[in-house]
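**Q** Each chain, letter by letter, is given below.
There are 2 protein chains.
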Amino acid sequence: MPDPQHVELVPTAWNRAFEKTSDHLLPTLARWHRQPQRLVAFAPDEHSYFGVRPGPARDAIAALPGLAWGRGDEFVLDFGLHMVGFVSFRLACVGVNMDAPCRLRLTFGESPLDVTMSMDAVDTWISTAWLPDEVVNVDLCPQLVALPRRYSFRFLRVQVLDTSPMFKVAFSDIRCECVSAVSPERELDAVVFDNPLLRDIDHASISTLRDCMQTVFEDGPRRDRRLWSGDLRLQALANYSTLRDFGLVKRCIYQFAAVVREDGSLPACIFEKPTLAPSADYIVDYDALFSAIVLDYVVASGDVAAGHELWPTVLNCVKRSLSHVNPETNIFETERSKHWKFLDWAPTLDRNAGSHGVLVYCLKAVNKLAAVLDKESPHLEMVSKMTAAATQFVSKDNLFISGPEAQVSYASAAWLVLAEVLPTDVARTALLNTIAHPDAVKPLTPYLWHHICDALVTVGSFEKCLEIIDDYWGGMIRAGADTFWECYDPKDPRASPYGDVRNNSFCHAWSCTPTYLLRGKLLDAAGGKVTGKVTMGQLDDRWVQRSIS
Amino acid sequence: MPDPQHVELVPTAWNRAFEKTSDHLLPTLARWHRQPQRLVAFAPDEHSYFGVRPGPARDAIAALPGLAWGRGDEFVLDFGLHMVGFVSFRLACVGVNMDAPCRLRLTFGESPLDVTMSMDAVDTWISTAWLPDEVVNVDLCPQLVALPRRYSFRFLRVQVLDTSPMFKVAFSDIRCECVSAVSPERELDAVVFDNPLLRDIDHASISTLRDCMQTVFEDGPRRDRRLWSGDLRLQALANYSTLRDFGLVKRCIYQFAAVVREDGSLPACIFEKPTLAPSADYIVDYDALFSAIVLDYVVASGDVAAGHELWPTVLNCVKRSLSHVNPETNIFETERSKHWKFLDWAPTLDRNAGSHGVLVYCLKAVNKLAAVLDKESPHLEMVSKMTAAATQFVSKDNLFISGPEAQVSYASAAWLVLAEVLPTDVARTALLNTIAHPDAVKPLTPYLWHHICDALVTVGSFEKCLEIIDDYWGGMIRAGADTFWECYDPKDPRASPYGDVRNNSFCHAWSCTPTYLLRGKLLDAAGGKVTGKVTMGQLDDRWVQRSIS
Numbered sequence: 001m002p003d004p005q006h007v008e009l010v011p012t013a014w015n016r017a018f019e020k021t022s023d024h025l026l027p028t029l030a031r032w033h034r035q036p037q038r039l040v041a042f043a044p045d046e047h048s049y050f051g052v053r054p055g056p057a058r059d060a061i062a063a064l065p066g067l068a069w070g071r072g073d074e075f076v077l078d079f080g081l082h083m084v085g086f087v088s089f090r091l092a093c094v095g096v097n098m099d100a101p102c103r104l105r106l107t108f109g110e111s112p113l114d115v116t117m118s119m120d121a122v123d124t125w126i127s128t129a130w131l132p133d134e135v136v137n138v139d140l141c142p143q144l145v146a147l148p149r150r151y152s153f154r155f156l157r158v159q160v161l162d163t164s165p166m167f168k169v170a171f172s173d174i175r176c177e178c179v180s181a182v183s184p185e186r187e188l189d190a191v192v193f194d195n196p197l198l199r200d201i202d203h204a205s206i207s208t209l210r211d212c213m214q215t216v217f218e219d220g221p222r223r224d225r226r227l228w229s230g231d232l233r234l235q236a237l238a239n240y241s242t243l244r245d246f247g248l249v250k251r252c253i254y255q256f257a258a259v260v261r262e263d264g265s266l267p268a269c270i271f272e273k274p275t276l277a278p279s280a281d282y283i284v285d286y287d288a289l290f291s292a293i294v295l296d297y298v299v300a301s302g303d304v305a306a307g308h309e310l311w312p313t314v315l316n317c318v319k320r321s322l323s324h325v326n327p328e329t330n331i332f333e334t335e336r337s338k339h340w341k342f343l344d345w346a347p348t349l350d351r352n353a354g355s356h357g358v359l360v361y362c363l364k365a366v367n368k369l370a371a372v373l374d375k376e377s378p379h380l381e382m383v384s385k386m387t388a389a390a391t392q393f394v395s396k397d398n399l400f401i402s403g404p405e406a407q408v409s410y411a412s413a414a415w416l417v418l419a420e421v422l423p424t425d426v427a428r429t430a431l432l433n434t435i436a437h438p439d440a441v442k443p444l445t446p447y448l449w450h451h452i453c454d455a456l457v458t459v460g461s462f463e464k465c466l467e468i469i470d471d472y473w474g475g476m477i478r479a480g481a482d483t484f485w486e487c488y489d490p491k492d493p494r495a496s497p498y499g500d501v502r503n504n505s506f507c508h509a510w511s512c513t514p515t516y517l518l519r520g521k522l523l524d525a526a527g528g529k530v531t532g533k534v535t536m537g538q539l540d541d542r543w544v545q546r547s548i549s
Numbered sequence: 001m002p003d004p005q006h007v008e009l010v011p012t013a014w015n016r017a018f019e020k021t022s023d024h025l026l027p028t029l030a031r032w033h034r035q036p037q038r039l040v041a042f043a044p045d046e047h048s049y050f051g052v053r054p055g056p057a058r059d060a061i062a063a064l065p066g067l068a069w070g071r072g073d074e075f076v077l078d079f080g081l082h083m084v085g086f087v088s089f090r091l092a093c094v095g096v097n098m099d100a101p102c103r104l105r106l107t108f109g110e111s112p113l114d115v116t117m118s119m120d121a122v123d124t125w126i127s128t129a130w131l132p133d134e135v136v137n138v139d140l141c142p143q144l145v146a147l148p149r150r151y152s153f154r155f156l157r158v159q160v161l162d163t164s165p166m167f168k169v170a171f172s173d174i175r176c177e178c179v180s181a182v183s184p185e186r187e188l189d190a191v192v193f194d195n196p197l198l199r200d201i202d203h204a205s206i207s208t209l210r211d212c213m214q215t216v217f218e219d220g221p222r223r224d225r226r227l228w229s230g231d232l233r234l235q236a237l238a239n240y241s242t243l244r245d246f247g248l249v250k251r252c253i254y255q256f257a258a259v260v261r262e263d264g265s266l267p268a269c270i271f272e273k274p275t276l277a278p279s280a281d282y283i284v285d286y287d288a289l290f291s292a293i294v295l296d297y298v299v300a301s302g303d304v305a306a307g308h309e310l311w312p313t314v315l316n317c318v319k320r321s322l323s324h325v326n327p328e329t330n331i332f333e334t335e336r337s338k339h340w341k342f343l344d345w346a347p348t349l350d351r352n353a354g355s356h357g358v359l360v361y362c363l364k365a366v367n368k369l370a371a372v373l374d375k376e377s378p379h380l381e382m383v384s385k386m387t388a389a390a391t392q393f394v395s396k397d398n399l400f401i402s403g404p405e406a407q408v409s410y411a412s413a414a415w416l417v418l419a420e421v422l423p424t425d426v427a428r429t430a431l432l433n434t435i436a437h438p439d440a441v442k443p444l445t446p447y448l449w450h451h452i453c454d455a456l457v458t459v460g461s462f463e464k465c466l467e468i469i470d471d472y473w474g475g476m477i478r479a480g481a482d483t484f485w486e487c488y489d490p491k492d493p494r495a496s497p498y499g500d501v502r503n504n505s506f507c508h509a510w511s512c513t514p515t516y517l518l519r520g521k522l523l524d525a526a527g528g529k530v531t532g533k534v535t536m537g538q539l540d541d542r543w544v545q546r547s548i549s
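So the sequence lines, in the order shown, correspond to chains A and Y.
Quick note on my numbering: the first sequence kicks off at 1 and runs consecutively.
Quick note on my numbering: the second sequence kicks off at 1 and runs consecutively.
No incorrect hints appear here.
Copies of the same chain look alike in the list, so a pair counts if it fits in one copy or across any two.
Cross-link-like lysine-lysine pairs, in silico, BS3-like; alpha carbons within 27 Å at most:
#1 K168 to K273
#2 K338 to K168
#3 K368 to K521
Keep in mind the hints are simulated off the structure, nothing from the lab.
Generate the whole structure from the sequences, applying the supplied hints.
**A** Shown next, in the form of structure tokens:
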């Protein structure tokens, strides 16, 4: 999610003690193997979201080592679930002599489009170096070909660009050494739901979370492979409901706190390698939401000591956002700075009301953390003023509005509800009205859809929330998702914030939250029951059976 | 030089003792470093053979580490001489953050065409996997990028396929770890010639030889990187006049003898890896010429013991060729088998007379080896008969002719002269007449041009030989060659036996023989003088100075 327009070069005021704390929390990644489950063929299917439907290819996977492939041949492997890891295979020469190198193109597919569209001529404003294809030349066979880079995929398209008239090649022992901070032995609650779709949504949420959990919480293991604070907050929430890895959350929190900037603000993103460094990306709302990340962590983990250590950082992280508040009106005014206010990718979105909501939400988090730490709440007065002022974001006909044009949007609604600036019934009515409004600016990202869902839960609209989860995350499941996506437009399978769907990420942290809601406040409404314990490996095996049956 | 039409699947009658002898002669390769000498730009130039002229680029090579390159940028490095080895470089990020991988395309150029034409859409009947380009993705900088494959090149084209809007990359410490069985410390005679072109030709011959000398005598270090017996014979001759590495010749001879086939014939080519194996390629003339390889080796090295060990193999290697001789006429008839008779790539060449010459040449080699070994010469009678019969290959107007159409060709002339089947003055006249004949089928390969030159030397036509060396090998030097090529058509810089010049080899063993002639029988005629000793490293340094000045 990088945007060169929003780069800020503010010097870093390193906190090396926090860096050391984060270093000590570096996890040893679990490593395990997965093999392809089948050779897969994609048939055109106008009823499928992507327009193609995966099914078994002519040959069984067991036959693969006996099949020979020459110039122009290709096949696609289906591993049956989304994975992150390192791929290797044995390549053998079939023929009289291997009298030339073998040139292969390998394309790692998170979606059917990745392995059915060409990766040539991709028009995207972010780097085409993200595209998941590799050209590999092998001089000698038999050879164990072990690719040094990490990939994120379910499907592997293998194109034999060339052999020679004298030989073909055969593939065997294809495997992925999967990596995650979460081992297949990790236990979590087994939860069943009346509606099997919800079980799939819950599972895909957890898979998304697990595949993003590496040495940091990555936003997406395919792209950008980095820690973003906006994603981290949602991952941490989903993690507390499921895998409960507090160490990794703490590590990431301390990484942000270690690279605090000289004015006390926090970057939106961290580079872990080659050495810890702040990204130049800055987002006002992400900065302020650090307070909520710390509060959530301290409450979930009971690690009050960390709360005390981080208290100065938390106090500072809301300052830039606060500087946008008009001291006369107590209203957040986006135009008071050129800093990036994100909320969602929707380009026409008026961000005044939403940003107002985010700031109140964060100031309340600071106050709550103060209470947990037995400190005086620093923002009681400002919360009170901004709460009073927020009434202007509700129109006479009970819609959430923002800006001079009184724009109606989901973003304004979500954050003003989450900020609890209105009585619950007023908030519920305005939220449902906004959602029902035909001209409301809708979310483009799962990130904002999450906040809509969280807002609906906040006001007790469980059925509407489940309806959206069914419609939006369920839509991805029906489209064949194993993990949830960076971007999902039900009407356009090729939609992309980057100009080309081939640069989208199909396992993206900010879409992993349904499990947090389904296993949390929605559990009863969703008919969910905890039936015992289950390991990640068992969940994976069950998913593979479902995928290829 | 593989051709699937000429594959023969004859079982191998392994001689494991010979294999062991060859294994013990495995050389330890010398390794040394070379750095790029300049950034080079290619300007269109209609007077240059390739249509482009290399010259210094805008920036000096010393400035390279300070230059930043982003999407679509590219540069070409000139190492100043042809090398074989492993390339590495340091890649650094220039910019705010390296927020995406960097995708590079590296193209290793033996000729200016390699680095000025695209490597896309190459139409060739041999494998496009030979093409000298690699696509490399680098996830993290700074990084030492060390490519695992061996390349053969002088120029390195670096194309930055993509970085991101947030960063560019810089290159430093670019180097090639050169490899050869011949170390830069190897001493050889320093020879000067009146004509500086001859000195360059001598040098490029030796460079070609050295770059092909790896763990075997390769035909070309770019393509096919393998031991072919036809190439080996010429390499061994050039080697005896210069580098005098008898061990590597012996190793290769024993490799062929180790993979003798059940009928006593020898394959045309050897695979050294993964384990020693015969190629399925078979060529009648290459098989018989093994006798000359052994004779030359025993005479040059004095290793008579090897001659004795190899005697049965030598006796057998001419048998298939002998089976083509009509017992009534004592004439070699190509149509008596479908086995491949090579002589040259020229497609219309009638190979009867030339093959007759090759066989007589080889039978004489067997007889000479017998004499060295104090054995009875086995082919005196057949040589006598075939010599008598050979008169029919000379026309009334003193031209060498072949086949029912009395085709005049250089191939027939070269081999009938080398076979010494005619009195010297008759042979000389017919040879010169044939060369002067406007319709004579001319050579396509340096391999046959060598035999023409060797034939001219055999009949004492030193000036004509020097004229051809000046014209043919000198033509490559004038075109910018550092090493001599697999294929050189003075009229067509894009000529290729494979359909596309981008799959040609520009360092090819069978064109390395001018040094053998210039330092041998031509020395006086060429005005050559041995002035002392020089090392390969000194020769290289001198060449680099010449290249970039």
